[in-house]
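Number of protein chains: 2
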Amino acid sequence: MAKIEPRVLSGFRDYLPRKMIPRQRMLASIERGFQRFGYAPLQTPALEYLEILLGKYGDEGSKLLYRFKDEGDRDVALRYDLTVPLARVVAQYPDLPRPFRRYQIAPVWRAERPARGRFREFVQCDGDIVGSPDPVADAEVIQLGCTLLDDLGVKSYKVRLNHRKVLAGMEAACGIGAEQAVKVLRTIDKLPKIGPEATKGLLATENCLGADQVEKLFAFLEIAGEPLEVLSRIESLFPEGGVGREGIDGLRQVVGLLGAVGFGGRVALDLSIARGLDYYTGTVYETFLEDLPTFGAVMSGGRYDGLVGTFAGEDIPAVGISLGIDRLLAGLTELKVIEESQGAVADVLVTIFDGAHAPQAARTAQAVRAGGVDCELYPALAKLSKQFKYAERRGARWVVIVGPDEAACGEVQVKNMESGSQERVPLERLGAWMAEHKGR
Amino acid sequence: MAKIEPRVLSGFRDYLPRKMIPRQRMLASIERGFQRFGYAPLQTPALEYLEILLGKYGDEGSKLLYRFKDEGDRDVALRYDLTVPLARVVAQYPDLPRPFRRYQIAPVWRAERPARGRFREFVQCDGDIVGSPDPVADAEVIQLGCTLLDDLGVKSYKVRLNHRKVLAGMEAACGIGAEQAVKVLRTIDKLPKIGPEATKGLLATENCLGADQVEKLFAFLEIAGEPLEVLSRIESLFPEGGVGREGIDGLRQVVGLLGAVGFGGRVALDLSIARGLDYYTGTVYETFLEDLPTFGAVMSGGRYDGLVGTFAGEDIPAVGISLGIDRLLAGLTELKVIEESQGAVADVLVTIFDGAHAPQAARTAQAVRAGGVDCELYPALAKLSKQFKYAERRGARWVVIVGPDEAACGEVQVKNMESGSQERVPLERLGAWMAEHKGR
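If you read the protein sequences in the order shown, they are chains A and B. Going by our numbering, the first residue of the first sequence is number 1, and it counts up by one from there. Going by our numbering, the first residue of the second sequence is number 1, and it counts up by one from there.
The hints are simulated quantities; they were obtained by calculation from the structure and are not laboratory data. Even glycine gets a Cβ: it sits at the ideal position worked out from N, Cα and C. Treat the hints with care, since some could be wrong.
With a cut-off of at most 27 Å between alpha-carbon atoms, the simulated DSSO-like pairs for lysine-lysine come out as follows [unchecked claim]:
id, chain 1, residue 1, chain 2, residue 2
1, A, 193, A, 63
2, A, 183, B, 3
3, B, 155, B, 415
4, A, 69, B, 63
5, A, 69, B, 69
6, B, 193, B, 336
7, A, 63, B, 69
8, B, 386, B, 415
9, A, 193, A, 183
10, A, 3, B, 183
11, A, 3, B, 69
Which bits of chain A does chain B cover? Going by a derived footprint, with three or more residues having C-beta under 8 Å, they are [unchecked claim]:
id, stretch
12, 80-91
13, 181-190
14, 380-394
Build the full structure now, drawing on both the sequences and the hints.
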């Protein structure tokens, strides 16, 4: 057979051990965080019927679906996010207790143009609450998300908050009709990326807004300050009893609850946050690393009270947050917050003296593990010098040798790789010895 | 929008919390097991270039690939196993230290006809050693696999061992030529499933073997007994210096090493084990639950010394084992070894008395978590009776109430759901109280 070039698809990546070890620790920390808040694990298939996913993410999103016909000629697609599958699950299994809190940590696929911090396959870590219309739920998922980032040691981030009803109120106040509303939101959503001048240009050309409308809109978008202050100022610009005021009330409660649990400093109001996805109906939020402002959001979400209804026939309110571990990892690596691991997972390497002593070596490795210490056995016959070189490269703390002398008296030689000191330990005491020394 | 029927594709499944909670625990146990043996985590993409996967799994395997053209008109496929991607990785990154031990826990996809214990998407847990031709490596991955099953509490299983070179020797001894060899192996591989009579029939018809050849073959296949005994009997039927004897030597070392670490009783020789995949070159093994003999293998693998070479241009020896968590879970559930969880992940539910007391309730939940106890906040405004019903259904051990009386004096009411007893605890002491009580 001719040699096949080993390569990965553009936008996809291999995580080799040096990167995967810290990534695995991050994922474990996130999983613990979800559990601490009482979220239950859920897993859904990577492939869904195309019709389940289609039309949920806006026109741009639909174009990015990995879709194909399966062997039974069914139209299928790889999941684009974890939210739509959750909505399907809630509708499909009406016996699930509600309110339903679940987390899911799983890859999603989007055929995007690859770029810095943007991948075609990436793992999302989602926590959602289904069945509660109350801002208590919105505040909790944001608190949860902040806790996950805090657990990971992320120091400098801000959750930028907005509300679809505030956006609707703002559009109404600027005389933007319902037929233009969604398209205008898409343009506004680009503001952090393309800047105010380009945004104004698009609003005038693509969205056909008049100069006075653009000006009014930007008067809203430029309101800045403490969240509760910003809310009061916007409120004064909205007519009483309108949809905008509903959004203000919701945000005020969310901000108040986050303040009560000590996360007030983590959030800011930002009227330019619209979220591209079609299914949001209430609060929306995106989280940015303050030291990498142009890197894109690492955690986002919102309330989607209509999505479950597209499958269930009745509306069931829901709200959630999604942490993108891969972009976060890329960002933290760029910021040097996370360092690559040396690739070692075991503290101890047991060498194999020669073929005749392989069984003793295997027993020795077992004894180390029985002491609660991770241990690898050198898995081949090789010169001891080669085995030691491997141990050094892997960053092993101890190397164990079982040669003919040691084997004859039921002992092993333990070498401390840092100090170079050696010690003979009876095999039967090795587990206890390792347990004693592992913390040092 | 018209309602879309919520459903999953045939052969795919949702894991709802009651099933996912025990499954998650199994996956965590397996991950710990890999790490204890010094295996490093690796992650590869779900999608690969089709040419990477094609031709590695035999004709039947190739037909089962989920393949399509992506948005850039590239031929791509969902990964079929984790072994071929590993081989690609080893070839693609020549700087990886060798011997290279890695584990990967990830879903794979095969467009098989769905059946009991057979799914189109399932998670494989693979451990492999690349770069060692020595039976020490073969023995270790089998020991590792047995340890993973032991850790999961699987009581009754047997690893059925064979060797591709023993199979080759057996075929040679029966006068089966090289051109028929692979097809005959495929037929033999069906023996455990379809029984001896049907197998003999296929050997005569599909493989065109003569009656004497079939008889000779079955004389081999029916050799049974202690592994080392079986090996001696087969050896006596092989000519000296032939390929069959090489296989016998390899198996003898593997069996000896497994005996040395206390796993001798877990393995049996079985000349009918061939493994369908094309890439195996040495030891092969399949593991069956002895209480569910017809359920199919739950863990299998073997040595594949030529596979990396198809990408690297030079042969690099490798051996591995793959545990199929989904089939194992289905089997253990059928055997009632694993029970569904009630779906609760948190011991404590904090209720919300009313909207005015929501901030106190959120702070209370924080205090419980600070005590190291998982806690959920009821995420909506509802009658207390409804919140208690939810707590019962979820199996919460404690329910915490913060009403106006309690809030006024900085206390909370903690109700023990089992005994029904209640206790007032100062909010500032709640974390400590929970930490004290959680073990009881």
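Against the structure, the hints come out as follows:
| no. | hint | in the structure |
| --- | --- | --- |
| 1 | A:193 with A:63 | holds, 21 Å |
| 2 | A:183 with B:3 | holds, 25 Å |
| 3 | B:155 with B:415 | violated, 40 Å |
| 4 | A:69 with B:63 | holds, 15 Å |
| 5 | A:69 with B:69 | holds, 10 Å |
| 6 | B:193 with B:336 | holds, 24 Å |
| 7 | A:63 with B:69 | holds, 15 Å |
| 8 | B:386 with B:415 | holds, 15 Å |
| 9 | A:193 with A:183 | holds, 17 Å |
| 10 | A:3 with B:183 | holds, 25 Å |
| 11 | A:3 with B:69 | holds, 23 Å |
| 12 | 80-91 | holds (count 3) |
| 13 | 181-190 | violated (count 0) |
| 14 | 380-394 | holds (count 5) |
When each numbered hint is compared with the structure, violations occur for hints 3, 13.
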